[in-house]
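These protein sequence lines are chains H and S, in that order. If you count the first sequence from 1, position 279 lands on 279 in the numbering used here, and the numbers rise without skipping. If you count the second sequence from 1, position 85 lands on 85 in the numbering used here, and the numbers rise without skipping.
Hints listed in this document are in silico derivations from the structure and should not be mistaken for laboratory results. Glycine included, every Cβ here is placed at the ideal spot set by N, Cα and C. Possibly wrong hints are sitting among the right ones.
As the list claims (entries may be wrong) - Label pairs and their in silico Cβ distance ranges:
{"id": "1", "chain 1": "S", "residue 1": "N199", "chain 2": "H", "residue 2": "Q249", "range": "48 to 56 Å"}
{"id": "2", "chain 1": "S", "residue 1": "I326", "chain 2": "H", "residue 2": "P348", "range": "29 to 37 Å"}
{"id": "3", "chain 1": "H", "residue 1": "K330", "chain 2": "S", "residue 2": "E89", "range": "36 to 44 Å"}
{"id": "4", "chain 1": "H", "residue 1": "E52", "chain 2": "S", "residue 2": "T404", "range": "50 to 58 Å"}
{"id": "5", "chain 1": "S", "residue 1": "I326", "chain 2": "H", "residue 2": "E346", "range": "51 to 59 Å"}
{"id": "6", "chain 1": "S", "residue 1": "L116", "chain 2": "H", "residue 2": "S15", "range": "42 to 50 Å"}
{"id": "7", "chain 1": "H", "residue 1": "L414", "chain 2": "S", "residue 2": "I392", "range": "48 to 56 Å"}
{"id": "8", "chain 1": "H", "residue 1": "K137", "chain 2": "S", "residue 2": "G319", "range": "49 to 57 Å"}
{"id": "9", "chain 1": "S", "residue 1": "L116", "chain 2": "H", "residue 2": "E119", "range": "12 to 20 Å"}
{"id": "10", "chain 1": "H", "residue 1": "Q249", "chain 2": "S", "residue 2": "S79", "range": "56 to 64 Å"}
{"id": "11", "chain 1": "S", "residue 1": "N199", "chain 2": "H", "residue 2": "D216", "range": "50 to 58 Å"}
{"id": "12", "chain 1": "S", "residue 1": "N338", "chain 2": "H", "residue 2": "N329", "range": "27 to 35 Å"}
{"id": "13", "chain 1": "H", "residue 1": "L414", "chain 2": "S", "residue 2": "G336", "range": "33 to 41 Å"}
Listed below, chain by chain, are the residues.
Protein chains: 2
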Amino acid sequence: MSKDKEEKQIITPRSQDYSKWYLDVIDVAELADNSPVRGCMVIKPNGYAIWENIQKVLDNMFKSKGVKNAYFPLFIPKSFFEKEAEHVEGFAKECAVVTHHRLKLNDKNKLVPDGLMDESLIVRPTSETIIYTMYAKWIQSFRDLPVVINQWVNVVRWELRTRPFLRTTEFLWQEGHTAHATKQEADNMTIDMLEVYRNFVEDYLAIPVIKGIKTDNEKFAGAVYTACIEAMMQDGKSLQAATSHMLGQNFSKPFNVKFTDQNGVEQYTWQTSWGMSTRIIGAIIMVHSDDKGLVLPPKIAPIPIVIVPIWNNNKEKEGLIKKVKIIANKIKEKIGYNFYIDERDERPGFKFYDWERKGIPLRIEIGQRDIANKKAILVRRDNGEKIEVPLIGLDKKIKELLDTIQSDLYNKALKFREKFTFELDSYGEMKNIFSKKENGFVCSFWCGDSKCENKVKEETTATIRCILFDEEEKNGKCIICGKKSLKRVIFGKAY
Amino acid sequence: MSKDKEEKQIITPRSQDYSKWYLDVIDVAELADNSPVRGCMVIKPNGYAIWENIQKVLDNMFKSKGVKNAYFPLFIPKSFFEKEAEHVEGFAKECAVVTHHRLKLNDKNKLVPDGLMDESLIVRPTSETIIYTMYAKWIQSFRDLPVVINQWVNVVRWELRTRPFLRTTEFLWQEGHTAHATKQEADNMTIDMLEVYRNFVEDYLAIPVIKGIKTDNEKFAGAVYTACIEAMMQDGKSLQAATSHMLGQNFSKPFNVKFTDQNGVEQYTWQTSWGMSTRIIGAIIMVHSDDKGLVLPPKIAPIPIVIVPIWNNNKEKEGLIKKVKIIANKIKEKIGYNFYIDERDERPGFKFYDWERKGIPLRIEIGQRDIANKKAILVRRDNGEKIEVPLIGLDKKIKELLDTIQSDLYNKALKFREKFTFELDSYGEMKNIFSKKENGFVCSFWCGDSKCENKVKEETTATIRCILFDEEEKNGKCIICGKKSLKRVIFGKAY
Numbered sequence: 001m002s003k004d005k006e007e008k009q010i011i012t013p014r015s016q017d018y019s020k021w022y023l024d025v026i027d028v029a030e031l032a033d034n035s036p037v038r039g040c041m042v043i044k045p046n047g048y049a050i051w052e053n054i055q056k057v058l059d060n061m062f063k064s065k066g067v068k069n070a071y072f073p074l075f076i077p078k079s080f081f082e083k084e085a086e087h088v089e090g091f092a093k094e095c096a097v098v099t100h101h102r103l104k105l106n107d108k109n110k111l112v113p114d115g116l117m118d119e120s121l122i123v124r125p126t127s128e129t130i131i132y133t134m135y136a137k138w139i140q141s142f143r144d145l146p147v148v149i150n151q152w153v154n155v156v157r158w159e160l161r162t163r164p165f166l167r168t169t170e171f172l173w174q175e176g177h178t179a180h181a182t183k184q185e186a187d188n189m190t191i192d193m194l195e196v197y198r199n200f201v202e203d204y205l206a207i208p209v210i211k212g213i214k215t216d217n218e219k220f221a222g223a224v225y226t227a228c229i230e231a232m233m234q235d236g237k238s239l240q241a242a243t244s245h246m247l248g249q250n251f252s253k254p255f256n257v258k259f260t261d262q263n264g265v266e267q268y269t270w271q272t273s274w275g276m277s278t279r280i281i282g283a284i285i286m287v288h289s290d291d292k293g294l295v296l297p298p299k300i301a302p303i304p305i306v307i308v309p310i311w312n313n314n315k316e317k318e319g320l321i322k323k324v325k326i327i328a329n330k331i332k333e334k335i336g337y338n339f340y341i342d343e344r345d346e347r348p349g350f351k352f353y354d355w356e357r358k359g360i361p362l363r364i365e366i367g368q369r370d371i372a373n374k375k376a377i378l379v380r381r382d383n384g385e386k387i388e389v390p391l392i393g394l395d396k397k398i399k400e401l402l403d404t405i406q407s408d409l410y411n412k413a414l415k416f417r418e419k420f421t422f423e424l425d426s427y428g429e430m431k432n433i434f435s436k437k438e439n440g441f442v443c444s445f446w447c448g449d450s451k452c453e454n455k456v457k458e459e460t461t462a463t464i465r466c467i468l469f470d471e472e473e474k475n476g477k478c479i480i481c482g483k484k485s486l487k488r489v490i491f492g493k494a495y
Numbered sequence: 001m002s003k004d005k006e007e008k009q010i011i012t013p014r015s016q017d018y019s020k021w022y023l024d025v026i027d028v029a030e031l032a033d034n035s036p037v038r039g040c041m042v043i044k045p046n047g048y049a050i051w052e053n054i055q056k057v058l059d060n061m062f063k064s065k066g067v068k069n070a071y072f073p074l075f076i077p078k079s080f081f082e083k084e085a086e087h088v089e090g091f092a093k094e095c096a097v098v099t100h101h102r103l104k105l106n107d108k109n110k111l112v113p114d115g116l117m118d119e120s121l122i123v124r125p126t127s128e129t130i131i132y133t134m135y136a137k138w139i140q141s142f143r144d145l146p147v148v149i150n151q152w153v154n155v156v157r158w159e160l161r162t163r164p165f166l167r168t169t170e171f172l173w174q175e176g177h178t179a180h181a182t183k184q185e186a187d188n189m190t191i192d193m194l195e196v197y198r199n200f201v202e203d204y205l206a207i208p209v210i211k212g213i214k215t216d217n218e219k220f221a222g223a224v225y226t227a228c229i230e231a232m233m234q235d236g237k238s239l240q241a242a243t244s245h246m247l248g249q250n251f252s253k254p255f256n257v258k259f260t261d262q263n264g265v266e267q268y269t270w271q272t273s274w275g276m277s278t279r280i281i282g283a284i285i286m287v288h289s290d291d292k293g294l295v296l297p298p299k300i301a302p303i304p305i306v307i308v309p310i311w312n313n314n315k316e317k318e319g320l321i322k323k324v325k326i327i328a329n330k331i332k333e334k335i336g337y338n339f340y341i342d343e344r345d346e347r348p349g350f351k352f353y354d355w356e357r358k359g360i361p362l363r364i365e366i367g368q369r370d371i372a373n374k375k376a377i378l379v380r381r382d383n384g385e386k387i388e389v390p391l392i393g394l395d396k397k398i399k400e401l402l403d404t405i406q407s408d409l410y411n412k413a414l415k416f417r418e419k420f421t422f423e424l425d426s427y428g429e430m431k432n433i434f435s436k437k438e439n440g441f442v443c444s445f446w447c448g449d450s451k452c453e454n455k456v457k458e459e460t461t462a463t464i465r466c467i468l469f470d471e472e473e474k475n476g477k478c479i480i481c482g483k484k485s486l487k488r489v490i491f492g493k494a495y
């Protein structure tokens with residue numbers, strides 16, 4: 001994007017229009033752009049670099065758990081898709097259907113679809129059906145188990161309303177698919193992978209999450225149960241950051257995924273699937289950013305540090321940049337962080353503004369005089385704090401500051417969530433919370449009946465985000481109907 | 001795959017049936033499997049790990065050239081696809097067309113496509129049209145140039161005849177797309193990227209290649225010219241390992257990719273595109289492997305070293321493995337290679353056979369007595385050589401051997417190509433070569449007329465693989481028609 005255009009871009013404040021603010025941040029930070037294809041976005045280099053970092057870290061975490069990557073076909077024959085009843089019902093209403101395999105010129109000299117296929121193909125909305133067809137072929141004996149495979153791919157769901165990263169017709173994700181000999185192993189895998197996601201999202205993305213189980217209304221179409229992590233955005237709404245599904249034998253039976261056990265008895269496998277998508281980039285934006293633009297946690301920022309050398313004239317520039325490069329390379333060697341040296345012929349103020357909007361966690365300002373005085377100015381993106389630091393020990397100070405920014409971002413988000421989480425026992429108070437512009441999480445007893453759940457949804461648009469995990473059972477009463485309830489659940493408006 | 005099944009798998013010798021041998025190697029090394037979706041394969045973990053290594057190395061090479069990654073939509077509206085005449089002609093006959101966006105139950109209770117779209121979408125066979133639509137939006141001024149973006153994605157071409165890795169309906173690739181202010185810059189980019197590919201394929205994959213330019217018959221649909229690297233397989237056929245296209249202004253004009261130059265004049269950009277696909281894995285298999293199975297070059301092997309500890313009884317096993325792990329970790333620390341310790345309760349012979357077929361470059365055999373004698377046995381996969389080595393200095397010896405294997409594989413492939421490359425000036429002799437089961441490359445003068453090119457194709461099925469690059473002009477006569485010719489070209493049968 002050309003400079004002239006950039007300078008005109010203004011960010012709508014959150015208080016004025018939160019949705020517009022979100023789009024503006026994406027725009028000024030050059031993370032994504034609308035494409036001419038309905039509901040599909042283009043992930044621009046700045047946005048894709050975040051996804052590459054997510055892939056790198058999460059993939060290493062997967063591999064340390066013994067996960068192997070593979071690649072399965074984009075297309076799913078319609079007949080496979082139909083085999084699991086709940087699953088097809090969940091996805092049939094919004095899928096891209098390939099019906100022809102060429103184009104030909106018609107008599108008006110226009111290209112039209114030609115070569116009708118015998119069986120339509122569905123562009124994968126998720127890959128259980130095609131993957132388990134292969135597992136049925138690969139698995140024969142208990143010796144072949146467990147199978148623990150993941151793929152990083154694109155998927156398509158024909159959504160009606162779309163928003164960049166949060167909900168797009170096509171999106172990128174990883175989907176892990178496992179097959180086990182016992183229910184216990186599959187349960188453990190479901191929970192283990194949820195913990196991998198929690199660890200990743202909290203530690204690298206600095207986003208505090210709530211672990212829980214989805215209600216039957218909200219679970220994955222075809223799962224026995226869906227475990228999830230939910231995060232609160234700055235408008236109090238909830239974003240599902242990742243899910244891990246216990247599929248039981250719901251897919252192994254229709255897809256015939258069987259093995260012979262140690263006693264020679266044929267059994268169906270127990271399966272799980274789990275995924276995280278580019279949607280998580282929407283969460284990073286919405287949890288940390290402010291009215292000045294994007295804020296990125298240092299551990300996931302493609303460039304955690306930008307150095308802005310400040311020269312008075314062209315004569316000074318060359319020598320200064322040479323010195324700055326020496327300093328920067330030493331830092332890189334010692335602490336390993338990527339940095340970017342901004343050598344553009346622009347005013348320093350323009351550069352500060354530019355990097356602020358793009359969310360670089362730490363800015364280093366160095367002028368000729370600073371070098372003479374053996375110091376530099378560090379500026380934190382998250383709170384704007386300016387710190388004068390001696391060049392000696394700069395590397396240590398930078399590392400320390402980046403660690404502090406990372407944990408401060410997490411703590412700030414956690415405080416925000418705590419402030420907007422309400423433990424309530426009165427349905428009137430709950431309705432009051434959800435009628436506000438800034439709402440949040442309501443933590444209340446629920447009887448387990450989907451009638452009560454639906455009533456809340458109709459009257460407030462909020463839904464149960466999850467049934468709390470690791471929560472002790474208590475003696476409570478459903479906030480809606482007053483019947484007996486043992487556990488509190490999290491109600492919230494969902495992205 | 002269960003053990004019982006594995007042991008039964010036999011590899012057809014190359015001399016008996018080269019095509020069958022290729023499929024058998026893929027099968028025993030567990031690289032890929034046929035899927036139930038027509039022409040689509042499943043890339044299994046062993047095959048995908050090779051692709052991950054290719055991505056890692058090549059992506060770093062790209063990034064050091066200033067390339068940035070991004071992601072563009074999978075779907076291309078039909079109208080975009082139609083904008084460049086040659087391009088649409090090249091791809092319209094074999095593309096997957098999405099016409100509907102949901103499924104519904106018909107009156108026979110069967111799911112049928114529903115929700116007809118206003119405009120059909122093409123699943124990308126390549127992304128020039130969608131990417132350049134975005135470039136037209138992003139580029140305004142000379143300050144925005146060059147744009148140098150790459151994406152790692154899946155693409156679909158509805159091929160009639162398919163073979164795993166070599167030609168599949170869906171495949172994975174990277175496609176780079178650049179826009180420049182001048183023709184010169186675009187020419188340079190085309191050639192620079194070809195050189196990146198040559199370097200990667202020769203240095204990492206140990207495959208010698210020939211650099212050249214495609215004839216008009218063989219160039220990319222829409223390119224001004226296509227530069228390529230071609231490699232000879234063990235049956236003498238040629239495989240196009242990568243291409244780099246100079247697009248000139250062929251796409252910038254219909255897609256309106258314009259910029260204002262330093263003088264305020266509006267101009268069309270000059271563009272290039274370049275790609276390498278999972279097809280290259282087919283080349284790795286076909287160039288290096290033998291009748292015993294897969295052979296992988298150490299620099300691209302997911303696991304370059306396997307350690308097989310040899311124990312006499314279970315009592316011995318535990319202590320031995322502990323010692324082997326200490327040795328292995330020391331080696332890893334010093335030379336950085338990945339290794340795998342085979343702790344399975346199987347006979348050593350079974351393990352040797354298993355890893356041989358899977359192409360692990362170096363096997364280390366260590367028994368209790370070897371440890372007492374402070375030595376180990378190293379076995380090269382490429383030539384079967386067994387080398388007794390003292391444990392002291394083992395790391396150095398391993399590194400040395402892996403380097404030797406890498407260069408030996410390259411040299412062996414180069415010798416093979418030289419042996420089967422024939423500089424000919426008689427069309428009769430050329431026809432004779434191409435009538436043999438083992439053929440090769442024929443290097444001959446060609447006048448530049450596609451009539452002569454087509455005649456060869458009809459009479460021998462061989463085509464011009466490329467016009468040699470960096471070749472001095474000479475005074476020659478076309479091997480077909482006898483007219484004046486300045487340059488030799490490479491004829492060969494193509495994969």
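Per the hint of 42 to 50 Å, is the separation of the Cβ atoms of L116 of chain S and S15 of chain H within bounds? Roughly 44 Å apart at Cβ, these two residues keep to the hinted range, so it holds.
Just tell me: holds or violated, for the beta carbon distance of K330 of chain H and E89 of chain S against 36 to 44 Å? Cβ of K330 of chain H to Cβ of E89 of chain S: about 57 Å, so the range 36 to 44 Å is violated.
Verify the CB-CB distance for L116 of chain S and E119 of chain H against the hinted window 12 to 20 Å. Since L116 of chain S and E119 of chain H have Cβ atoms about 18 Å apart, the given range 12 to 20 Å holds.
Range hint 48 to 56 Å: satisfied by the CB atoms of N199 of chain S and Q249 of chain H? holds (51 Å)
Given the range 27 to 35 Å, decide if the beta-carbon distance of N338 of chain S to N329 of chain H lies inside it. holds (29 Å)
Tell me if the beta carbons of I326 of chain S and P348 of chain H are separated by a distance inside 29 to 37 Å. violated (55 Å)
Return holds or violated for the Cβ distance of Q249 of chain H and S79 of chain S against the range 56 to 64 Å. Given a distance of about 47 Å, which is not inside 56 to 64 Å, the answer is violated.
L414 of chain H and G336 of chain S, beta-carbon distance inside 33 to 41 Å? 39 Å Cβ-Cβ, so the 33 to 41 Å window holds.
Taking 49 to 57 Å as the stated bounds, is the beta-carbon spacing between K137 of chain H and G319 of chain S within them? violated (40 Å)
51 to 59 Å was suggested as the range; check whether the CB atoms of I326 of chain S and E346 of chain H agree with it. Cβ of I326 of chain S to Cβ of E346 of chain H: about 56 Å, so the range 51 to 59 Å holds.
Given the hint of 50 to 58 Å, check if E52 of chain H and T404 of chain S actually sit that far apart at their C-beta atoms. violated (35 Å)
Do the Cβ positions of L414 of chain H and I392 of chain S conform to the proposed distance bound of 48 to 56 Å? For L414 of chain H and I392 of chain S the Cβ distance comes to about 54 Å; the hint holds.
Hint check: violations occur at hints 2, 3, 4, 8 and 10; the rest are consistent with the structure.
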